[in-house]
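First to last, the sequence lines map onto chains A and B. Converting from the first sequence to the numbering used here requires adding 2 to each position, the first position being numbered 1. Converting from the second sequence to the numbering used here requires adding 2 to each position, the first position being numbered 1.
Because the hints were derived from the structure by calculation, they are not lab data. Note that beta-carbon positions come from the ideal geometry of N, C-alpha and C, so glycine has one too. Certain hints may be false.
Unchecked claim - For each label pair, taking beta carbons as the anchor points, the in silico distance ranges come out as:
no. : chain 1 : residue 1 : chain 2 : residue 2 : range
1   : A       : Glu30     : B       : Asp136    : 31 to 37 Å
2   : A       : Asp139    : B       : Arg162    : 36 to 42 Å
3   : B       : Ser54     : A       : Ala64     : 49 to 55 Å
4   : B       : Ala90     : A       : Glu57     : 38 to 44 Å
Stated by the list, open to error - In the SDA-like style, the derived pairs of lysine to any residue whose C-alpha atoms are separated by at most 20 Å in a straight line are:
no. : chain 1 : residue 1 : chain 2 : residue 2
5   : A       : Lys182    : B       : Ala140
6   : A       : Lys182    : B       : Ile192
7   : B       : Lys182    : A       : Ala140
8   : A       : Lys24     : A       : His5
9   : A       : Lys182    : B       : Thr186
10  : B       : Lys182    : A       : Gly149
11  : A       : Lys182    : B       : Arg154
12  : A       : Lys182    : B       : Asp139
13  : A       : Lys182    : B       : Lys182
14  : B       : Lys182    : A       : Lys24
15  : B       : Lys39     : A       : Asp157
16  : A       : Lys182    : B       : Asn13
17  : A       : Lys182    : B       : Ser56
18  : A       : Lys182    : B       : Gln193
19  : B       : Lys182    : A       : His5
20  : B       : Lys182    : A       : Ile192
Number of protein chains: 2
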Amino acid sequence: MSHITIIGNGNMGQAIAGLTAKGGNTVELIGHEDTSKDVTGDVVVLAVPYPSVSEIIASRGASLAGKVVVDITNPLNFETFDSLTVPADSSAAAEIAAALPDSRVVKAFNTTFAGTLVAGTVGGNPTTVLVAGDDADAKALVMGIVGAAGLRAIDAGSLRRARELEAVGFLQISLAAAEKISWTGGFAVIQ
Amino acid sequence: MSHITIIGNGNMGQAIAGLTAKGGNTVELIGHEDTSKDVTGDVVVLAVPYPSVSEIIASRGASLAGKVVVDITNPLNFETFDSLTVPADSSAAAEIAAALPDSRVVKAFNTTFAGTLVAGTVGGNPTTVLVAGDDADAKALVMGIVGAAGLRAIDAGSLRRARELEAVGFLQISLAAAEKISWTGGFAVIQ
Chain A
3 MSHITIIGNG
13 NMGQAIAGLT
23 AKGGNTVELI
33 GHEDTSKDVT
43 GDVVVLAVPY
53 PSVSEIIASR
63 GASLAGKVVV
73 DITNPLNFET
83 FDSLTVPADS
93 SAAAEIAAAL
103 PDSRVVKAFN
113 TTFAGTLVAG
123 TVGGNPTTVL
133 VAGDDADAKA
143 LVMGIVGAAG
153 LRAIDAGSLR
163 RARELEAVGF
173 LQISLAAAEK
183 ISWTGGFAVI
193 Q
Chain B
3 MSHITIIGNG
13 NMGQAIAGLT
23 AKGGNTVELI
33 GHEDTSKDVT
43 GDVVVLAVPY
53 PSVSEIIASR
63 GASLAGKVVV
73 DITNPLNFET
83 FDSLTVPADS
93 SAAAEIAAAL
103 PDSRVVKAFN
113 TTFAGTLVAG
123 TVGGNPTTVL
133 VAGDDADAKA
143 LVMGIVGAAG
153 LRAIDAGSLR
163 RARELEAVGF
173 LQISLAAAEK
183 ISWTGGFAVI
193 Q
């Protein structure tokens with residue numbers, strides 16, 4: 003079992019807090035503007051919009067050294083819904099990993115809407131969390147946390163695959179925003 | 003009903019020929035190296051690996067003017083399975099559209115494995131073809147062809163979204179190649 007800190011108490015932060023607690027971990031949920039609390043988890047989930055990540059790195063970067071940092075962001079341009087805000091050949095996860103060289107960054111939870119994490123299903127299919135990262139132990143730890151919560155985790159490869167995971171997240175959000183799918187739907191992964 | 007030419011008689015070309023014929027269209031299936039036959043369809047599906055598209059454009063580009071050209075490619079680097087072969091800020095569809103300025107290019111069928119097009123389902127969910135394009139009439143025509151075949155089509159937006167559709171295709175192929183999913187599985191779109 004792990005001790006997990008989740009920064010950000012929006013719908014994704016709450017959903018991830020719920021499922022990780024259900025999996026038997028100890029969980030600390032911190033509002034992203036609440037700087038009065040220290041990060042105590044071995045695993046830290048950045049459950050905030052991408053633009054807020056840089057503030058967290060600025061204020062808490064040193065305390066994230068040695069930890070597994072989970073990036074769940076989809077760095078959309080929410081004004082245009084027509085592009086991402088990271089360089090085309092990069093990803094939010096790659097930018098975060100570059101800014102936190104002493105952390106082990108894992109991409110996860112960005113291709114599952116909060117509703118499907120809570121429900122455990124998407125359209126009758128098991129909710130599947132796609133996980134990417136360069137550190138095998140860190141990735142296995144996150145996949146184990148997902149599995150302990152009763153959800154399915156799939157290893158999507160190295161952290162380079164975060165670029166594709168963020169494209170999936172972008173597409174899924176744009177389809178929901180255009181009402182082509184609902185916020186309780188999205189991509190189910192069929193094995 | 004449309005007259006459809008499919009260039010490329012591999013598993014995707016055959017699957018698309020089958021479903022478009024089932025939908026009541028007339029279908030012409032041409033091997034991609036068979037230059038003896040002229041393209042006669044109003045809709046031309048390029049069901050070939052991406053590296054072969056440039057040959058088709060070189061030999062048949064003029065005959066594609068005025069037609070709806072459907073790009074189904076996933077431009078993976080199949081040696082490394084670690085990147086796409088198109089520029090990071092572009093897509094195969096964008097490259098094809100630039101090379102065929104007198105055609106109306108629509109991206110479709112690149113996020114569905116051939117097996118799920120033939121079966122009509124993916125893990126019990128209806129197979130969904132995501133369609134992107136800048137010409138509303140051309141996109142509606144392709145969506146209608148998909149719908150007439152009994153599959154579901156979803157409008158994924160402008161041709162810029164081909165970049166994300168190709169990321170989905172890349173990720174899906176890499177998961178199947180790594181045996182994380184099967185070639186009859188993949189992403190189901192839950193509405």
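Each hint tested on the structure:
1. A:Glu30 to B:Asp136: 31 to 37 Å: violated (48 Å)
2. A:Asp139 to B:Arg162: 36 to 42 Å: At 38 Å between Cβs, range holds.
3. B:Ser54 to A:Ala64: 49 to 55 Å: Given a distance of about 52 Å, which is inside 49 to 55 Å, the answer is holds.
4. B:Ala90 to A:Glu57: 38 to 44 Å: Violated - the Cβ-Cβ distance for B:Ala90 and A:Glu57, about 27 Å, lies outside 38 to 44 Å.
5. A:Lys182 to B:Ala140: Holds - the C-alpha atoms of B:Ala140 and A:Lys182 are around 19 Å apart, at most 20 Å.
6. A:Lys182 to B:Ile192: Roughly 10 Å between the alpha carbons, so the hint for A:Lys182 and B:Ile192 holds.
7. B:Lys182 to A:Ala140: holds (19 Å)
8. A:Lys24 to A:His5: Holds, because 13 Å separates the two Cα atoms, which is no more than 20 Å.
9. A:Lys182 to B:Thr186: violated (24 Å)
10. B:Lys182 to A:Gly149: Holds, because 15 Å separates the two Cα atoms, which is no more than 20 Å.
11. A:Lys182 to B:Arg154: This hinted pair holds, its Cα atoms lying about 12 Å apart.
12. A:Lys182 to B:Asp139: Roughly 18 Å separates the two Cα atoms, so the pair holds.
13. A:Lys182 to B:Lys182: Since the Cα atoms of A:Lys182 and B:Lys182 sit roughly 28 Å apart, the hinted pair is violated (cutoff 20 Å).
14. B:Lys182 to A:Lys24: Given that 20 Å is the threshold and the Cα spacing comes to 26 Å, the pair is violated.
15. B:Lys39 to A:Asp157: violated (45 Å)
16. A:Lys182 to B:Asn13: violated (29 Å)
17. A:Lys182 to B:Ser56: Status violated; Cα separation ~33 Å.
18. A:Lys182 to B:Gln193: Status holds; Cα separation ~7 Å.
19. B:Lys182 to A:His5: At roughly 28 Å apart (the allowed maximum being 20 Å), A:His5 and B:Lys182 break the hint.
20. B:Lys182 to A:Ile192: holds (10 Å)
The earlier numbered hints that this structure contradicts are 1, 4, 9, 13, 14, 15, 16, 17 and 19.
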